[in-house]
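Given the structure of chain Z, go ahead and fit chain W onto it with the hints provided.
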Amino acid sequence: MFVRCGLCGGENESEPGQEMLACSYCGAALALEAPRGPDQLILAHTRDDGAAENVLRSFLIEKERKRPAAMTTDFSFIPYAMIENVDGKGSVVPACKPGALAGGAPYPPAGQYRFLDGSCADGEKIIAAETIDKDAVRIVHLPVYTIRYETPGWKGKASVIGESWQVIAGELPPEKPRALNLGLCAAAAGLFIAYLVLGKLASNMLARLALIMAASGAGYSLFSLHEKVSKHE
Amino acid sequence: MIAESTAEKTQARPARGAPRQTAPEPRASLAFGATCPECGGSIRINEGDRSVRCGYCGSALFITSPRGVQSYILQPKVTAAKARLASIHYIAERTNNRVRARNTSIIDMKLIHVPFWRMRGRLMGWVSGDKVKLVRTETGPEDPCAGQAFTTVREEHEAYSRLLFKRVDWSTPACVLPCLGLQGISLRTGFLEWDVLDEKRRAEHTVALPTRSERTVRADALGYLTRLAVPAGTTVRASRFHLFDSTFSLYYYPVYVLRYRFAGRMYTITIDGGNGAVVRGEVPPGRRLDLKKLFFAPAVLAFLAATWLPLTVIPVAIVYALDTAQAKLFLPPHEWLAFRIQRLLGGED
Numbered sequence: 027m028f029v030r031c032g033l034c035g036g037e038n039e040s041e042p043g044q045e046m047l048a049c050s051y052c053g054a055a056l057a058l059e060a061p062r063g064p065d066q067l068i069l070a071h072t073r074d075d076g077a078a079e080n081v082l083r084s085f086l087i088e089k090e091r092k093r094p095a096a097m098t099t100d101f102s103f104i105p106y107a108m109i110e111n112v113d114g115k116g117s118v119v120p121a122c123k124p125g126a127l128a129g130g131a132p133y134p135p136a137g138q139y140r141f142l143d144g145s146c147a148d149g150e151k152i153i154a155a156e157t158i159d160k161d162a163v164r165i166v167h168l169p170v171y172t173i174r175y176e177t178p179g180w181k182g183k184a185s186v187i188g189e190s191w192q193v194i195a196g197e198l199p200p201e202k203p204r205a206l207n208l209g210l211c212a213a214a215a216g217l218f219i220a221y222l223v224l225g226k227l228a229s230n231m232l233a234r235l236a237l238i239m240a241a242s243g244a245g246y247s248l249f250s251l252h253e254k255v256s257k258h259e
Numbered sequence: 504m505i506a507e508s509t510a511e512k513t514q515a516r517p518a519r520g521a522p523r524q525t526a527p528e529p530r531a532s533l534a535f536g537a538t539c540p541e542c543g544g545s546i547r548i549n550e551g552d553r554s555v556r557c558g559y560c561g562s563a564l565f566i567t568s569p570r571g572v573q574s575y576i577l578q579p580k581v582t583a584a585k586a587r588l589a590s591i592h593y594i595a596e597r598t599n600n601r602v603r604a605r606n607t608s609i610i611d612m613k614l615i616h617v618p619f620w621r622m623r624g625r626l627m628g629w630v631s632g633d634k635v636k637l638v639r640t641e642t643g644p645e646d647p648c649a650g651q652a653f654t655t656v657r658e659e660h661e662a663y664s665r666l667l668f669k670r671v672d673w674s675t676p677a678c679v680l681p682c683l684g685l686q687g688i689s690l691r692t693g694f695l696e697w698d699v700l701d702e703k704r705r706a707e708h709t710v711a712l713p714t715r716s717e718r719t720v721r722a723d724a725l726g727y728l729t730r731l732a733v734p735a736g737t738t739v740r741a742s743r744f745h746l747f748d749s750t751f752s753l754y755y756y757p758v759y760v761l762r763y764r765f766a767g768r769m770y771t772i773t774i775d776g777g778n779g780a781v782v783r784g785e786v787p788p789g790r791r792l793d794l795k796k797l798f799f800a801p802a803v804l805a806f807l808a809a810t811w812l813p814l815t816v817i818p819v820a821i822v823y824a825l826d827t828a829q830a831k832l833f834l835p836p837h838e839w840l841a842f843r844i845q846r847l848l849g850g851e852d
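Sequence lines, in order, name chains Z and W. Sequential numbering from 27 applies to the first sequence in the numbering used here. Sequential numbering from 504 applies to the second sequence in the numbering used here.
Next comes chain Z alone, as it looks inside the complex (with noise of 0.2 angstroms):
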């Protein structure tokens, strides 16, 4: 924001948070104005429409759902209003009426913010604040990214905040099964088959359980062991 001189009547340009600057022009020390209502601020951010679906994949992937398609992106910087109470308690809430994200409210992510003067980039849409809190002592336009997207009998949305790449989910697609490790199946597969036929070869049943025991036990502390020496190379 521009703030004037009143020495000399110099613009100069400070930033939220700013309270003393130097002008520019004649070199005084500016004390700044304290704001009549909360800072209305805007967090720097260039919209990325396939790097928050990205979020969002790997964020099911985590989860352990299933893959999201057709994804349909929407981006607008939403208000939220920071409050803090006279205990010093904070919250943020939204501050305008479809503001409300199902799945619970962000954080404000740390980056740089600076004060909103309406202008925005083309494809980038910012929503005002409508309802201020008596308490609120910053409104801050967050980039939030809403994402409608499918899984197989399943549609639902999430948000994705920018620069902190929070996401922020009221439900979840179905948990994907997960497919069978082939490779694993026929290492175990195969050890059967190895201890049927150490099985068949003995004469009685103790000596059949003493001769499948050594093998598994063997193959197991083998195995442990190979693991260890190749953890600590």
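Do not take every clue at face value.
20 angstroms max Cα-Cα, derived SDA-like pairs, lysine to any residue [claimed, not checked]:
id	chain 1	residue 1	chain 2	residue 2
1	Z	K92	Z	K151
2	Z	K89	W	V781
3	Z	K151	Z	E176
4	W	K795	Z	H252
5	Z	K89	W	L812
6	Z	K226	W	R762
7	Z	K115	W	F751
8	W	K795	Z	L237
9	W	K613	Z	K183
10	Z	K92	Z	I109
11	Z	K202	W	Q686
12	Z	K115	W	P681
The hints are simulated quantities; they were obtained by calculation from the structure and are not laboratory data. As the structure is a prediction and not an experimental result, all values here were calculated from the model.
Below, chain W alone, put in the same frame as chain Z:
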């Protein structure tokens, strides 16, 4: 010598009344300037300064109402390339060389100066309550040869009260950092070279805005110090603490945040910009291979099959029946078998 500060001319916030329904007015575009009262020369005052010296006439000037808080910034001592290298080594080390640089793709890396509040002051107060003490008593039998001794443990409550007066130097993040793993910085040691954060340095670096206010931090500090003053196992009945002569300042510490992708999933690594150490890092999870199950489950089945073949089928059928009864619906046998084998052997995602 007193320089007349213009901070007093500022207007106070409106009283906390009914909620505003419209957007507030923006910050007024006028700033009040201060000059040296002796020579009229321009003076430079940083945020939080309490005294300055005029650069023209050399007069020592006292600021009657200092504005803002003193802010300091640390220049990064580690280059972006070194931070990248440190994170690659970290990933390889934590995954036992299973994940290397060629398998991962680094999405982005940014240097950000994270603000920390530093609070210095004096804490004074008192606490009273009950200190719970466990008393172990051994009771021996009348005849030493008759049997063993009995041990009884009972709780003893004794009154506890303490007066506390100590100096405090405490730091905490000034913004919410759930995934960066930063909790505070060691400021008492003097080897870090902090620079005053002025407009020039503010423009040069990516400086994060403190989103937690001084009031919030004061409340947090008081809660933390009160907990620290009470020993473990003490029930607090009443306490009162006050912070005196407390001064707050902001310290901006350089941190590299790197994001990389492996097997479709994203991970974040935080690197200390002061010494290049990895503060917190996420790495792909290891193989979920259970060696015991892999070697011993086929052994049990092979023993049963070698003894009498139907013995192998009976336990499988029992487990299937139990699972079906628990799920209260028909489970297709092939799907159930695949699920059970997966659970038994584990393996990759």
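Quick rundown of the hints versus the structure:
At most 20 angstroms may separate the alpha-carbon atoms for a hinted pair to count; Z/K92 and Z/K151 exceed this at roughly 31 angstroms. Straight-line distance between C-alpha atoms of Z/K89 and W/V781 comes to about 26 angstroms, which puts the hinted pair past the 20 angstroms bound. Restraint check: the Cα-Cα separation between Z/K151 and Z/E176 comes to about 25 angstroms, which exceeds 20 angstroms; the hinted pair is violated. Distance hint between W/K795 and Z/H252 is fulfilled; the C-alpha atoms sit about 14 angstroms from each other, no more than 20 angstroms.
A threshold of 20 angstroms between alpha carbons decides the hint, and for Z/K89 with W/L812 the separation of about 41 angstroms lies outside it, so the pair is violated. At roughly 55 angstroms between alpha-carbon atoms, Z/K226 and W/R762 are farther apart than 20 angstroms, so this suggested pair is violated. Between Z/K115 and W/F751 the CA atoms are separated by roughly 18 angstroms; this keeps the pair inside 20 angstroms, and the hint holds. Our distance criterion of 20 angstroms between C-alpha atoms is met by W/K795 and Z/L237, whose separation comes to about 17 angstroms.
For the hint linking W/K613 to Z/K183, the alpha-carbon distance of about 29 angstroms lies beyond 20 angstroms, and the restraint is violated. Between Z/K92 and Z/I109 the alpha-carbon distance is near 37 angstroms, which puts this suggested pair outside the 20 angstroms criterion. Restraint check for Z/K202 and W/Q686: the C-alpha separation of about 36 angstroms exceeds 20 angstroms, so the hint is violated. With a C-alpha separation of about 18 angstroms, the suggested pairing of Z/K115 with W/P681 holds against the 20 angstroms cut-off.
Against the hints set out earlier in the document, violations occur for numbers 1, 2, 3, 5, 6, 9, 10, 11.
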